[in-house]
Every structure is written in C-alpha cells, then in structure tokens.
Amino acid sequence: MVCFIYGISIEKKSILWYFKGMQISQEIIQLYKKLEKIYRYHELIASEENKIEVEEITSHFSALYEKLRNTVDFKEVHLLRRYAIERNLKRRFIMELLKPQIAAGLLEDLVRSRYLPNRAIPESQIKKVENIIAKYNELFLLMNDLYHGDDIKDYFDWLLALEACELDMLINPEDVTDAVIEAMYQITKSRIKIKGDDLNVKEKNIQLYIAIHKSLVKSDDIIISFHLLNLYFDRWLTADAETIKTMAAHLPEIYRTIQRHLKHPYQRRIYQSIKEPVVTFQILYDLILSKNGNIVELQELLTDPEALEVEAKLLIAQKYKKIKRRISSASIRAIIYIFITKVLFAIVLELPYEMYIIRHMNYFNLGINVIFPPVLMFLVTLTIVPPTKKNTEKILEHLNNVIYNNPEQSILCQLKTKYRKSLSYQIFYYFMYTVLYIIVFGSIIYFLRRLNFNLLSGAIFLFFLTAVSFFAMRIRSAARELKVEKEKEGVISFLVNFFALPIVAAGRWMASKFKKINLFAFIMDYIVEAPFKLFVAALEHWLGFMREKKEEVFHDNQ
841 MVCFIYGISI EKKSILWYFK GMQISQEIIQ LYKKLEKIYR YHELIASEEN
891 KIEVEEITSH FSALYEKLRN TVDFKEVHLL RRYAIERNLK RRFIMELLKP
941 QIAAGLLEDL VRSRYLPNRA IPESQIKKVE NIIAKYNELF LLMNDLYHGD
991 DIKDYFDWLL ALEACELDML INPEDVTDAV IEAMYQITKS RIKIKGDDLN
1041 VKEKNIQLYI AIHKSLVKSD DIIISFHLLN LYFDRWLTAD AETIKTMAAH
1091 LPEIYRTIQR HLKHPYQRRI YQSIKEPVVT FQILYDLILS KNGNIVELQE
1141 LLTDPEALEV EAKLLIAQKY KKIKRRISSA SIRAIIYIFI TKVLFAIVLE
1191 LPYEMYIIRH MNYFNLGINV IFPPVLMFLV TLTIVPPTKK NTEKILEHLN
1241 NVIYNNPEQS ILCQLKTKYR KSLSYQIFYY FMYTVLYIIV FGSIIYFLRR
1291 LNFNLLSGAI FLFFLTAVSF FAMRIRSAAR ELKVEKEKEG VISFLVNFFA
1341 LPIVAAGRWM ASKFKKINLF AFIMDYIVEA PFKLFVAALE HWLGFMREKK
1391 EEVFHDNQ
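Counting in the working numbering, the sequence shown runs from 841 upward without gaps.
Simulated from the structure, these hints should not be mistaken for lab results.
Every residue, glycine too, gets a C-beta built ideally from N, C-alpha and C.
Hints are not guaranteed to be accurate.
Claimed, not checked - Taking CB as the label site, the calculated pair distances span:
1) K907 x T1223: 16 to 22 Å
2) Y1193 x S1130: 52 to 58 Å
3) D990 x S887: 47 to 53 Å
Unchecked claim - With a cut-off of at most 27 Å between alpha-carbon atoms, the simulated DSSO-like pairs for lysine-lysine come out as follows:
4) K1103 x K1229
5) K1131 x K1058
6) K1323 x K1044
7) K1103 x K874
8) K1328 x K1115
9) K1058 x K1326
10) K1058 x K939
11) K1044 x K1029
12) K1029 x K1042
13) K1161 x K1328
14) K1115 x K1029
15) K1159 x K1229
16) K1153 x K1044
17) K1153 x K1164
18) K915 x K1161
19) K874 x K1161
20) K1054 x K1029
21) K1159 x K907
22) K1326 x K874
23) K1115 x K1035
24) K1103 x K1033
25) K1229 x K1153
26) K877 x K891
27) K891 x K1058
28) K1153 x K915
29) K1161 x K1326
30) K1161 x K1054
31) K877 x K968
32) K1085 x K1115
33) K1323 x K1131
34) K930 x K1054
35) K1042 x K915
36) K1058 x K877
37) K1162 x K1328
38) K1115 x K1234
39) K874 x K907
40) K1328 x K1159
Based on the sequences and whatever the hints tell you, model everything.
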C-alpha cells in the first residue's frame, strides 16, 4: 500500500488514447488507471445480494445515543466511526473475550448507530471481520505470555486502536484516498530537498508521506501507524499463525520505530510547507468523489479543461460554505463541551467551596466564569476572514498545472541539519520563554485578584481561558484550510499571537493530558453504553421475532 515510499518507480507509459491527445501528466494517468480498478472492485462488492439489515426503530435509539456520546467528547467528525468501533471492542473485551463470533453484532451495531448505511453492507464482510478479530485475539494472547509491566498496557491500547482502524478500513475502504495520496506524493517529493550528512532520503520520504496524510485527509496518528505498520510488516494484512508470532516477538521494536517516525522533528516543517499542493489535491480528490465512481464522467472531466474549471469553481465555492458551517458547528460543539465541564466544576467544586469554606457567594465572578468562554469563542469566530477571489484563482491555476503536465517545480522547503546550539544559548532561550509565561499569566492573575476572584474561581477561570483559547486556535486553523495566499501579519496581530502563545500552549498541554480523563465519556462508555447496547440488541431481536410471527399469521390466513 505504501511501498512507493522507498522510491519504487511507477512504470510510465505513453498517454492513452482515451485522453484524446491531451497533455495530461503521467501521475494523473496512473491515478486514473488505479481508480478504474478500484471502481470495478466496488461494483463487484455492491452486486452481492445479501446485505446486513437492522430495524429502523432500534436505529433511531442507537443514533440518538451516539449523538449524545459524541457531544461530550471533542473528536474529529471523520474519525467518529473508528472511535465507535474501538469503544465497541473495549466494551466487549471487558464483558467477554474478543471472539470472532462478535463480528455480526459489531457490524449490526454500526449500522444501527448509522455509522454505516442500512441494507448496504454485504454479509460476506462478516467473515472478513471475524478473521481480523481472530488475528488480533491471537496476538493479544501471545502478548500476555511475552510482556509484563507498564509497557503491555501501551502495546494493548495501541493494537486495539489499530484493530479498530483495520476493521474500519475493511468496512469502508480508503483505496481512492490512498491513490490520491500516492499521486500527490509522487508529484511533491522532488520539491522537498535535504541538506546535511545526517539526513536521508528514506526518512524524508516517510515524513512527507505522514505530512500528506495529516494535511490532505486529516489522518491521525493511529491511521498513520496502521499504514507504517504495513510498510514495515507487509504481511500483516494476510497474517498466518507464524506471522502473528513474529509480530508479537518484534512488537517493541516496531512500536518504537513507528512512534519515532510520528514524533520526528522534520515532520512539522514539511507539514507547514506543503499547504499549496495539499489544497490542490483536496480539490482534485473532491472532484473525483463527486463522480460517485463513474469512471466515464471522470474521464470526460479530465479531458476538458473548461468543464474542469467550471466544476472546480463550483466545488471551491461549496467548500468555502461548508468550512463556514463547520466552523459554526465546531464552535457550538466546543462551547457545549466547555459549558458541560464548567457546570460540573461549579456543582462539584466552586459552589461547595464558596458556600461552606469561604462562606461567601460571589455571583459577579461566577457570572464571568460562565459568560467569558462563549464570548471569547464568539469574538474569535468574528475575526475569521473568508478566502478572496484571488485565492480561488490561485487554486484553479495550481490544479490546471498539476493535471495538464505543468506541475510547479519550486522548492517547498529544504531540510537542513539543525544547528547545534550551545548550552548557554539554550539556557537563555528557555529563560526568556519562562519570563514570557510569567509576564502573561502574572498579569492575568493580577487582574483576577483586583476583581476579588478567590483561589478556586481564579484557577477555574485560567483553566477555561486556556481551554477556550486552544479550541479557538484549532477553529481558526480549520478556517484557513483552503487559503493558499500568503497572509501578511500586522503589528497588532503579531503582538496578540505573541502574548497568546503561553495561553494556547497551556491549553494544548491540558487538552493532551486531560482528554484521557473525560469523566462524562467514561460514564457513558463503561456505565451507560453496555446496558443500553444490550437493551437495543434485545429489542432488535424481539422486533425481528414479532415480524416473523406477523408474517406467519398473515400467511396462514391466506
């Protein structure tokens, strides 16, 4: 799937006749040929007759629960199905072993929760899901024999997430996505240069591949880990008993190697430098998806530059609107998430503290703590500037160049060996960074004291200030998703970003540390979800039984 990272070249043939002599780039031709094979396979799967079907009544209950569950856990929308699979596996692992027989129930639960369409998933997928579950179950049993201590928990959590990822990709293959990623990789890799003895082409290529995944399709570390696992262990998808044993024996080295790639210092620089080709391929990717697997329509689009420009313009305008809606939705979700947490803090900590310890209720400070987070989020949303007409023209120009054999050749970034700073320089650098933290948080604490905030209410204010600032920066970043114009930073903007740096950094640190201690998510996952899912499954079987009896009665009366 990702062997191209090592520089294995794709055979280049002459332009095929069905492109009517258009000078289309070889990478786009190769992409088209892969899509042809992918669509034929999709048609074959879709032609299977027996599909998984669930009751619409139980589907309403499950879908409603999932909406509530996702509200209390701030996750990216495109990753929700995989997280649902992971939760399902963890729940079943606690209640029983991950036996292959759970495959049918797992798929039915995903259909009921509307992560998958009803009457669309072939029943033949059940056997494939069983094989994956059996493979990982065997690996878990070997791990218990080979490893002990704290490391085994990290390995187990990682592998369980990889299992959910593999199941998700089986149910909803990302083959079109992988084909577009490979095309972008082939076109972009020559624009990333390296300089220095300790930098190598292999690492640069892997880091470029990771950066493309993260920026083009918003893959997280688990999805990338799954692809890297299959790079280093290419037999894993079709693993037999011997391969599973080998995997178990070498698991620590594989885990450490993949984690090292994910945290490599080159990655951020490459990620930040490939904005222009990422936007170009996002539009190309969406144009491909808009044809719904119709290869003839895609061929006609690629061979007609004028039609391509018209459709691309409409698509870009739609994406601008979609981003605007997504920003509004993300803001509301963030406010709800923060508000629920704030209410919990108030009930459990703030009110008892003021009523029973300091014996004084400060309604003014309580009001500030409640009102400030949504107001700050609203103000940040107001400062978001939509893309201009010039931005659209630049995207269209880059798209035309990529498809019609005139790709941009300018260097996106040049990776150099980092200058090794002296110890005294590093001490001075971190000292000044610490001073900035002290100035910013010291000033905030000073003003809170002037407003008579007590110790607890002040700490809660700082907690929500950093959390909201971090969420706001994520939303602002999403708003710049399709911007290829270079933004000029004014003096005021520079100063705001400079002094906001410690606050956002603190929010990011807290988000990474506290996301594993989400009390609402824990309650719903381990206390509410298990009995609820059992009830829904029982209701599903009872409704099926009643439908069969109804058919028998009506049949007997005929």
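Evaluated hints:
K907 and T1223 have their C-beta atoms about 30 Å apart, which leaves the hinted 16 to 22 Å range violated. For the hinted restraint 52 to 58 Å between Y1193 and S1130, the CB-CB distance of approximately 56 Å keeps it satisfied. The given range of 47 to 53 Å is respected by D990 and S887, whose C-beta atoms sit roughly 49 Å from each other. Between K1103 and K1229 the alpha-carbon distance is near 37 Å, which puts this suggested pair outside the 27 Å criterion.
Pair hint K1131 plus K1058 holds up; C-alpha atoms about 22 Å apart against a cutoff of 27 Å. Pair hint K1323 plus K1044 holds up; C-alpha atoms about 25 Å apart against a cutoff of 27 Å. Taking the CA atoms of K1103 and K874, the gap is about 31 Å. The hint is violated against a cut of 27 Å. Proposed proximity of K1328 and K1115 is supported: the alpha carbons are some 16 Å apart, at most 27 Å.
Under the criterion of a C-alpha separation no larger than 27 Å, the hint pairing K1058 with K1326 is consistent with the structure, at around 22 Å. Between K1058 and K939 the alpha-carbon distance is near 32 Å, which puts this suggested pair outside the 27 Å criterion. For the proposed pair K1044 and K1029, the alpha carbon gap of about 9 Å is at most 27 Å, so the pair holds. Note on K1029 and K1042: the hinted pairing holds, with a Cα-Cα distance of about 11 Å set against a maximum of 27 Å.
A distance of roughly 24 Å separates the Cα atoms of K1161 and K1328; the hinted pair therefore holds under the 27 Å criterion. Proximity of K1115 to K1029 is assessed by CA-CA distance (about 14 Å); at most 27 Å being required, the pair is judged to hold. Of the pairs offered as hints, the one joining K1159 and K1229 holds, with about 14 Å between alpha carbons and a cut-off of 27 Å not exceeded. Between K1153 and K1044, the direct Cα distance comes to roughly 34 Å. Violation of the 27 Å bound is thereby established for this hinted pair.
Between K1153 and K1164 the CA atoms are separated by roughly 17 Å; this keeps the pair inside 27 Å, and the hint holds. Annotation: proposed proximity of K915 to K1161 holds, straight-line Cα distance about 21 Å (limit 27 Å). Annotation: proposed proximity of K874 to K1161 is violated, straight-line Cα distance about 31 Å (limit 27 Å). Pair hint K1054 plus K1029 holds up; C-alpha atoms about 16 Å apart against a cutoff of 27 Å.
For a cut-off of 27 Å, the pair hint linking K1159 to K907 stands: about 24 Å separates their Cα positions. Note on K1326 and K874: the hinted pairing is violated, with a Cα-Cα distance of about 34 Å set against a maximum of 27 Å. The straight-line distance between the Cα atoms of K1115 and K1035 is roughly 22 Å, inside the 27 Å bound, and the hint therefore holds. Proximity of K1103 to K1033 is assessed by CA-CA distance (about 20 Å); at most 27 Å being required, the pair is judged to hold.
Proposed proximity of K1229 and K1153 is supported: the alpha carbons are some 10 Å apart, at most 27 Å. For a cut-off of 27 Å, the pair hint linking K877 to K891 stands: about 23 Å separates their Cα positions. Between K891 and K1058 the CA atoms are separated by roughly 30 Å; this puts the pair beyond 27 Å, and the hint is violated. Distance check on the hinted pair: K1153 and K915 sit about 30 Å apart at the alpha-carbon level, beyond 27 Å; violated.
This hinted pair checks out: K1161 and K1326 have alpha carbons roughly 21 Å apart, not beyond 27 Å. This hinted pair checks out: K1161 and K1054 have alpha carbons roughly 22 Å apart, not beyond 27 Å. In summary, the hint linking K877 to K968 is supported, as the alpha carbons are separated by about 21 Å, within the 27 Å threshold. The hinted pair formed by K1085 and K1115 fails the criterion: a straight-line CA distance of about 42 Å is larger than 27 Å.
Simply put, K1323 and K1131 have alpha-carbon atoms about 25 Å apart, close enough for the 27 Å limit, and the pair holds. A C-alpha spacing of about 26 Å is found between K930 and K1054, which places the hinted pair at or below 27 Å, so the restraint holds. Taken as a hint, the K1042 and K915 pair is broken in the structure, with Cα atoms around 32 Å apart against an allowance of 27 Å. Taking the CA atoms of K1058 and K877, the gap is about 25 Å. The hint holds against a cut of 27 Å.
Pair hint K1162 plus K1328 holds up; C-alpha atoms about 25 Å apart against a cutoff of 27 Å. Proximity of K1115 to K1234 is assessed by CA-CA distance (about 12 Å); at most 27 Å being required, the pair is judged to hold. As the CA atoms of K874 and K907 are separated by approximately 36 Å, the hinted pair breaks the 27 Å bound. Annotation: proposed proximity of K1328 to K1159 holds, straight-line Cα distance about 23 Å (limit 27 Å).
Of the numbered hints listed earlier, those contradicted by the structure are 1, 4, 7, 10, 16, 19, 22, 27, 28, 32, 35 and 39.
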